[in-house]
Amino acid sequence: MAALAFTPALEALFPRAPRGETLKLGVIGTGTQGCNALEELATIEGCAVVAIADVDPGRRNRGKRRAPDATIYESGAALLDAGGIDAVVIAASTFAHRELAEQALAKKIKVYLEAPLAHNEADASAIAAACFEDGAWLTAGFTANTNPVYKRARDVFQSGALRNLVSLRSHWRRKLSWKAAAPTPDREQALSWKIDPKRSAGICGEIASHHVHTMRWFTGKSPWSVRGWGGIRLWQNGTELPDTVQLEFGWDGELRCQQELTLASSIGGEELEVSGTHGTIRLAGRHAWLFKEPDAATQGWEVYAHRERFHQDEGYVLLANATKLAAQGKLQAGAGLPHTELWYALQAFVTAAVEDAEPPCPIQDAMPSTTAGIKAAESVVTGEEALLGFVG
Amino acid sequence: MSEPVLYGLDAMRTCFELVLHGAEPALLSAAAAEALEEIRAAEAQLSIFRADSWLTRLNLDAASGEAVRVPAPLHALLRVCAAVHAASEGAFDPCTGPLLDAQQLREQPGIWSEAARPGGRFSEIELLPESRVRFRRPGMQLDLGGIGKGWALDRAAELLREAGVPSALLHGGSSTVLSFGPSFAFAGRPAHRQGWQIGIEPHAGVLLQDAALSVSASRPNSRRPRGHVIDPQQGQPLRSTATAAVIAPSATLADAWSTALLVQSGTPFSWKSLL
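Chains as they are written, first to last, in our numbering: chain A, 28 to 419; chain B, 19 to 293.
Don't take every hint at face value.
To be verified - Keeping only pairs whose Cα atoms sit at most 25 Å apart, straight-line, the calculated DMTMM-like set for lysine to aspartate or glutamate is:
{"#": "1", "chain 1": "A", "residue 1": "Lys202", "chain 2": "B", "residue 2": "Glu52"}
{"#": "2", "chain 1": "A", "residue 1": "Lys91", "chain 2": "B", "residue 2": "Asp119"}
{"#": "3", "chain 1": "A", "residue 1": "Lys202", "chain 2": "B", "residue 2": "Glu35"}
{"#": "4", "chain 1": "A", "residue 1": "Lys225", "chain 2": "A", "residue 2": "Glu411"}
{"#": "5", "chain 1": "A", "residue 1": "Lys91", "chain 2": "B", "residue 2": "Asp28"}
{"#": "6", "chain 1": "A", "residue 1": "Lys202", "chain 2": "A", "residue 2": "Glu275"}
{"#": "7", "chain 1": "A", "residue 1": "Lys135", "chain 2": "A", "residue 2": "Asp108"}
{"#": "8", "chain 1": "A", "residue 1": "Lys248", "chain 2": "A", "residue 2": "Asp383"}
{"#": "9", "chain 1": "A", "residue 1": "Lys135", "chain 2": "A", "residue 2": "Glu412"}
{"#": "10", "chain 1": "A", "residue 1": "Lys202", "chain 2": "B", "residue 2": "Glu176"}
{"#": "11", "chain 1": "A", "residue 1": "Lys202", "chain 2": "A", "residue 2": "Glu320"}
{"#": "12", "chain 1": "A", "residue 1": "Lys202", "chain 2": "B", "residue 2": "Glu21"}
{"#": "13", "chain 1": "A", "residue 1": "Lys202", "chain 2": "B", "residue 2": "Glu84"}
{"#": "14", "chain 1": "A", "residue 1": "Lys202", "chain 2": "B", "residue 2": "Glu180"}
{"#": "15", "chain 1": "A", "residue 1": "Lys51", "chain 2": "A", "residue 2": "Glu411"}
{"#": "16", "chain 1": "A", "residue 1": "Lys91", "chain 2": "B", "residue 2": "Glu176"}
{"#": "17", "chain 1": "A", "residue 1": "Lys91", "chain 2": "B", "residue 2": "Glu52"}
{"#": "18", "chain 1": "A", "residue 1": "Lys248", "chain 2": "A", "residue 2": "Glu368"}
{"#": "19", "chain 1": "A", "residue 1": "Lys225", "chain 2": "A", "residue 2": "Glu215"}
{"#": "20", "chain 1": "A", "residue 1": "Lys178", "chain 2": "B", "residue 2": "Asp70"}
{"#": "21", "chain 1": "A", "residue 1": "Lys51", "chain 2": "A", "residue 2": "Asp83"}
{"#": "22", "chain 1": "A", "residue 1": "Lys178", "chain 2": "A", "residue 2": "Glu48"}
{"#": "23", "chain 1": "A", "residue 1": "Lys51", "chain 2": "A", "residue 2": "Glu101"}
{"#": "24", "chain 1": "A", "residue 1": "Lys91", "chain 2": "B", "residue 2": "Asp228"}
{"#": "25", "chain 1": "A", "residue 1": "Lys178", "chain 2": "A", "residue 2": "Glu215"}
{"#": "26", "chain 1": "A", "residue 1": "Lys91", "chain 2": "B", "residue 2": "Glu21"}
{"#": "27", "chain 1": "A", "residue 1": "Lys51", "chain 2": "A", "residue 2": "Glu67"}
{"#": "28", "chain 1": "A", "residue 1": "Lys51", "chain 2": "B", "residue 2": "Glu176"}
{"#": "29", "chain 1": "A", "residue 1": "Lys134", "chain 2": "A", "residue 2": "Glu48"}
{"#": "30", "chain 1": "A", "residue 1": "Lys135", "chain 2": "A", "residue 2": "Glu48"}
{"#": "31", "chain 1": "A", "residue 1": "Lys51", "chain 2": "B", "residue 2": "Glu84"}
{"#": "32", "chain 1": "A", "residue 1": "Lys134", "chain 2": "A", "residue 2": "Glu411"}
{"#": "33", "chain 1": "A", "residue 1": "Lys134", "chain 2": "A", "residue 2": "Asp161"}
{"#": "34", "chain 1": "A", "residue 1": "Lys202", "chain 2": "B", "residue 2": "Asp28"}
{"#": "35", "chain 1": "A", "residue 1": "Lys225", "chain 2": "B", "residue 2": "Glu21"}
{"#": "36", "chain 1": "A", "residue 1": "Lys248", "chain 2": "A", "residue 2": "Asp83"}
{"#": "37", "chain 1": "A", "residue 1": "Lys202", "chain 2": "B", "residue 2": "Asp228"}
{"#": "38", "chain 1": "A", "residue 1": "Lys202", "chain 2": "B", "residue 2": "Glu144"}
{"#": "39", "chain 1": "A", "residue 1": "Lys91", "chain 2": "B", "residue 2": "Glu42"}
{"#": "40", "chain 1": "A", "residue 1": "Lys248", "chain 2": "A", "residue 2": "Asp182"}
Just so you know, these hints were derived from the structure itself, not from any lab. All values derive from a computational prediction rather than experimental measurement.
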């Protein structure tokens, strides 16, 4: 079977800087994701991080190392009260999203809200309501639709390359305890929110929602039901939340989307697959491939693809704009994305915020994915199928 | 109090190990997971073998002479490089990577810009405000292999301290070692009141406490008559057998200075303390 790697157009790999003045940014939450955001924002033209906040002193230190010139606040509320920013990246704990997003939106500060939106439906609905107030502007941190290689793969999908859909499936595997390390029990408890069912929908909320979002954006359909199974396979750290789950979403007609997510095993990493009668598209962060069935018709663009070995299969790597990339000395970076998915999402946010354009991932797009993750977590607990309340 | 625990990770083409002690096992385990993740991240950020690392992005984007924005931690590390480069009168120079590859001195070449030209000195790199970097000589490229392990260990140690781990011994490939807190009995060896006893073969060891030690060596042999460390002044690999050891307040400094000392000294064994 042939594997074709998608490489997007040059302009998508190295997007233009936004026009206008520098966007003054605040970043709330400087744990892992907030620090990742600070590192990416430092390389994005058109913005400057002028303020950071975290309630934990250790995390504040991490943030300060990444944004040494920023003013530091001990809480997100203090940062928002201080003013002096045009926009804010909220990368705080998911259970704190609602309060921070409502406060920022009320002050007409443009918001990049890490995904999922919230850990329960009530908070997600409250954030959605705040987004519909006059002057409110929010984009969610689901990254599929700003990832250039995913966009290229979706173009191929939409051209009919897979023909009839057969299955959707994904996995996410990391060997990682979500129990945080801290010098005092209070701080440890505060930082270990991902394993506290009162403050988190666990692996379903934090991870499944992202896979649902990518599949929704890719296929243009939303799931109508979910059923989940799960348990604790490794981390006996006092939580009732499962570290391993299998989820099955009812998708379109009889089509199902299966997800397997675990914190107990890392082999295989993260992949999403969309299979059809004429081929399979595999998405893996900065990379995507098309595996063609032997009876699939040639579309023409394969002629320009390079050969690539893929396990026992040999295929062609598509290098769009290879000549231009080579001229810029960037050919080696061509096989995968030169930046992270987060970089592209933040870059799109900065550009849209500066130009006062539509949010790259508006609340209407983010709500169903967030809800699906929350309902999946409920289903794992109850063992019952949950209906999702939205279709198509 | 629990027994010391040992964690390991393959990164930067070597083995990193952390030995932690002095807290509950759950805290040590969670702190170790974060520290190992930090080492993994440091590798991903500084690797010249990955197309998507910070360093490869800088090498590709700055090769034309354009001023490029980089993450603040990379800018800070490059400032350390500039300080050691100046203080060692150029003996430490992270611009020698393409020379190593041009002379086929390592098994896998780095990913360089198409415009890369071997040569250029670190003094020709401008570290500008707003976290920007400019290569004054077009085509010059950076390879932070001579300082990266130390940087990764310092970042890991910082997380461990912040997490409340009272004492630890960390090493990257046995050549760069860092300790903080009191030493403790481990692997059949008793605790030593004045620190960890670290051997530097074939020479005597040192006592290490709340400091870092790095050892660089050039070992040409009949199979590989040229060493893998380039003398930046000559543009050629060191040809004599030599070992240099440096003890310093941070692993980053120890790592960089041990390379510099190896190039500078010209003697079979040299030693320097920056404490």
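Tested hints:
Taking the CA atoms of Lys202 (chain A) and Glu52 (chain B), the gap is near 12 Å; set against the 25 Å cutoff, the hint holds. A distance of roughly 37 Å separates the Cα atoms of Lys91 (chain A) and Asp119 (chain B); the hinted pair therefore is violated under the 25 Å criterion. Between the alpha carbons of Lys202 (chain A) and Glu35 (chain B) the distance comes to roughly 18 Å, so the proposed pair stays at or under 25 Å and holds. Annotation: proposed proximity of Lys225 (chain A) to Glu411 (chain A) holds, straight-line Cα distance about 20 Å (limit 25 Å).
At most 25 Å may separate the alpha-carbon atoms for a hinted pair to count; Lys91 (chain A) and Asp28 (chain B) exceed this at roughly 29 Å. As the CA atoms of Lys202 (chain A) and Glu275 (chain A) are separated by approximately 22 Å, the hinted pair is consistent with the 25 Å bound. Taking the CA atoms of Lys135 (chain A) and Asp108 (chain A), the gap is near 12 Å; set against the 25 Å cutoff, the hint holds. The hinted pair formed by Lys248 (chain A) and Asp383 (chain A) fails the criterion: a straight-line CA distance of about 28 Å is larger than 25 Å.
For the hint pairing Lys135 (chain A) with Glu412 (chain A), the CA-to-CA distance comes to about 40 Å; that exceeds 25 Å, so the pair is violated. Taking the CA atoms of Lys202 (chain A) and Glu176 (chain B), the gap is near 22 Å; set against the 25 Å cutoff, the hint holds. This hinted pair does not check out: Lys202 (chain A) and Glu320 (chain A) have alpha carbons roughly 34 Å apart, beyond 25 Å. For the suggested pair Lys202 (chain A) and Glu21 (chain B), the alpha carbons sit about 23 Å apart, so the restraint of at most 25 Å is met.
Pair hint Lys202 (chain A) plus Glu84 (chain B) does not hold up; C-alpha atoms about 40 Å apart against a cutoff of 25 Å. A distance of roughly 22 Å separates the Cα atoms of Lys202 (chain A) and Glu180 (chain B); the hinted pair therefore holds under the 25 Å criterion. For the hint linking Lys51 (chain A) to Glu411 (chain A), the alpha-carbon distance of about 47 Å lies beyond 25 Å, and the restraint is violated. Distance check on the hinted pair: Lys91 (chain A) and Glu176 (chain B) sit about 13 Å apart at the alpha-carbon level, within 25 Å; holds.
Between Lys91 (chain A) and Glu52 (chain B) the CA atoms are separated by roughly 18 Å; this keeps the pair inside 25 Å, and the hint holds. Note on Lys248 (chain A) and Glu368 (chain A): the hinted pairing holds, with a Cα-Cα distance of about 22 Å set against a maximum of 25 Å. For the given pair, Lys225 (chain A) sits about 16 Å from Glu215 (chain A) by alpha-carbon distance, which is consistent with the 25 Å threshold. Note on Lys178 (chain A) and Asp70 (chain B): the hinted pairing holds, with a Cα-Cα distance of about 19 Å set against a maximum of 25 Å.
Among the hinted pairs, Lys51 (chain A) with Asp83 (chain A) is consistent with the structure: their alpha-carbon atoms are about 23 Å apart, no more than 25 Å. For the proposed pair Lys178 (chain A) and Glu48 (chain A), the alpha carbon gap of about 29 Å is over 25 Å, so the pair is violated. At most 25 Å may separate the alpha-carbon atoms for a hinted pair to count; Lys51 (chain A) and Glu101 (chain A) meet this at roughly 19 Å. For the hint linking Lys91 (chain A) to Asp228 (chain B), the alpha-carbon distance of about 23 Å falls within 25 Å, and the restraint holds.
A C-alpha spacing of about 40 Å is found between Lys178 (chain A) and Glu215 (chain A), which places the hinted pair above 25 Å, so the restraint is violated. Proposed proximity of Lys91 (chain A) and Glu21 (chain B) is contradicted: the alpha carbons are some 34 Å apart, above 25 Å. Using a Cα cut-off of 25 Å, the hinted pair Lys51 (chain A) and Glu67 (chain A) holds, with the two alpha carbons roughly 15 Å apart. Distance restraint check for Lys51 (chain A) and Glu176 (chain B): the Cα-Cα separation of roughly 29 Å exceeds the 25 Å cut-off, and the hinted pair is therefore not satisfied.
With a C-alpha separation of about 20 Å, the suggested pair Lys134 (chain A) and Glu48 (chain A) falls inside the 25 Å cut-off, and the hint holds. With a CA separation close to 18 Å, the supplied pair Lys135 (chain A) and Glu48 (chain A) stays within the 25 Å bound. Of the supplied pair hints, the one linking Lys51 (chain A) and Glu84 (chain B) holds, its CA atoms being roughly 24 Å apart against a limit of 25 Å. For the proposed pair Lys134 (chain A) and Glu411 (chain A), the alpha carbon gap of about 41 Å is over 25 Å, so the pair is violated.
Simply put, Lys134 (chain A) and Asp161 (chain A) have alpha-carbon atoms about 11 Å apart, close enough for the 25 Å limit, and the pair holds. Taken as a hint, the Lys202 (chain A) and Asp28 (chain B) pair is honoured in the structure, with Cα atoms around 15 Å apart against an allowance of 25 Å. Annotation: proposed proximity of Lys225 (chain A) to Glu21 (chain B) is violated, straight-line Cα distance about 33 Å (limit 25 Å). Restraint check for Lys248 (chain A) and Asp83 (chain A): the C-alpha separation of about 40 Å exceeds 25 Å, so the hint is violated.
Between the alpha carbons of Lys202 (chain A) and Asp228 (chain B) the distance comes to roughly 31 Å, so the proposed pair goes past 25 Å and is violated. Proximity of Lys202 (chain A) to Glu144 (chain B) is assessed by CA-CA distance (about 41 Å); at most 25 Å being required, the pair is judged violated. A distance of roughly 28 Å separates the Cα atoms of Lys91 (chain A) and Glu42 (chain B); the hinted pair therefore is violated under the 25 Å criterion. Only pairs whose Cα atoms come within 25 Å are accepted, and Lys248 (chain A) paired with Asp182 (chain A) is accepted, the gap being roughly 16 Å.
The structure fails to meet hints 2, 5, 8, 9, 11, 13, 15, 22, 25, 26, 28, 32, 35, 36, 37, 38 and 39 from the earlier list, while all remaining hints are met.
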